[in-house]
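K.L.:
Going by our numbering, 65 is the number at position 49 of the sequence shown; the sequence numbering is gapless.
Hint data in this document are derived by calculation from the structure and do not stem from the laboratory.
For clarity, every value in this text was computed on a predicted model and none was experimentally measured.
All C-beta atoms in this analysis are idealised placements derived from N, C-alpha and C, irrespective of residue type, glycine included.
Heads up, a few of these hints could be off.
Okay, the calculated beta carbon distance ranges per label pair [stated by the list, open to error]: (1) K166 x D124: 21 to 27 angstroms; (2) M111 x N90: 24 to 30 angstroms; (3) R136 x S107: 14 to 20 angstroms.
In silico SDA-like pairs for lysine to any residue, Cα to Cα no more than 20 angstroms straight-line [unchecked claim]: (4) K166 x R100; (5) K156 x Q139; (6) K156 x G78.
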Amino acid sequence: MICLSPRAIRCIVLAIVLAANVLPWRSLHAAQPPSQAQAIGLEPVERAPVIVDGEVLFLLRGASSLPAKERAANVAGRIIAIARDKSIPVSALRMVDLGDRTNILAGDRRIVSIVDEDARAEQMERRQALAELYMVDIAKAIENYRQERKGASLRVRG
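Start from the sequences, fold in the hints, and give me the full structure.
P.N.:
Right, dumping it as structure tokens:
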């Protein structure tokens, strides 16, 4: 029997999830004629991964004023900053609906804003449901970040 570490299992699951999400999309779009948006010269919505400690948490779409890669990097930076600040408990994560967007906050610090277009890009009906999923992923990333560094500091001292 082969035993895998939790990190190896996460990597395998992530690869399967990414393959399941990317490959069908590409084959579906390759087999169809151009959409109305493509026919008038609009490109498909660009998305980029939010990555913390080498783990992809979720994908974010871009906008004309903020490319997907930049938005994802900003969100990853905020998550890491919060993970480093041990005075902010994971239980401080919350969602605030502002009418046109749903913010995920850690205390009073904004991590990410989710708008209706984000939900549509993920084929979800409600942005609040998408925000709930992202909040779970963010909480896990913060816990993992802190746990991995806690173990590292113990090994260095011991």
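K.L.:
Now tell me if each hint is right for this structure.
P.N.:
Hints and how they fare:
{"no.": "1", "hint": "K166 x D124: 21 to 27 angstroms", "in the structure": "holds (25 angstroms)"}
{"no.": "2", "hint": "M111 x N90: 24 to 30 angstroms", "in the structure": "violated (19 angstroms)"}
{"no.": "3", "hint": "R136 x S107: 14 to 20 angstroms", "in the structure": "violated (31 angstroms)"}
{"no.": "4", "hint": "K166 x R100", "in the structure": "holds (11 angstroms)"}
{"no.": "5", "hint": "K156 x Q139", "in the structure": "violated (23 angstroms)"}
{"no.": "6", "hint": "K156 x G78", "in the structure": "violated (24 angstroms)"}
In summary, the structure is inconsistent with hints 2, 3, 5, 6 from the numbered list given earlier, while agreeing with the others.
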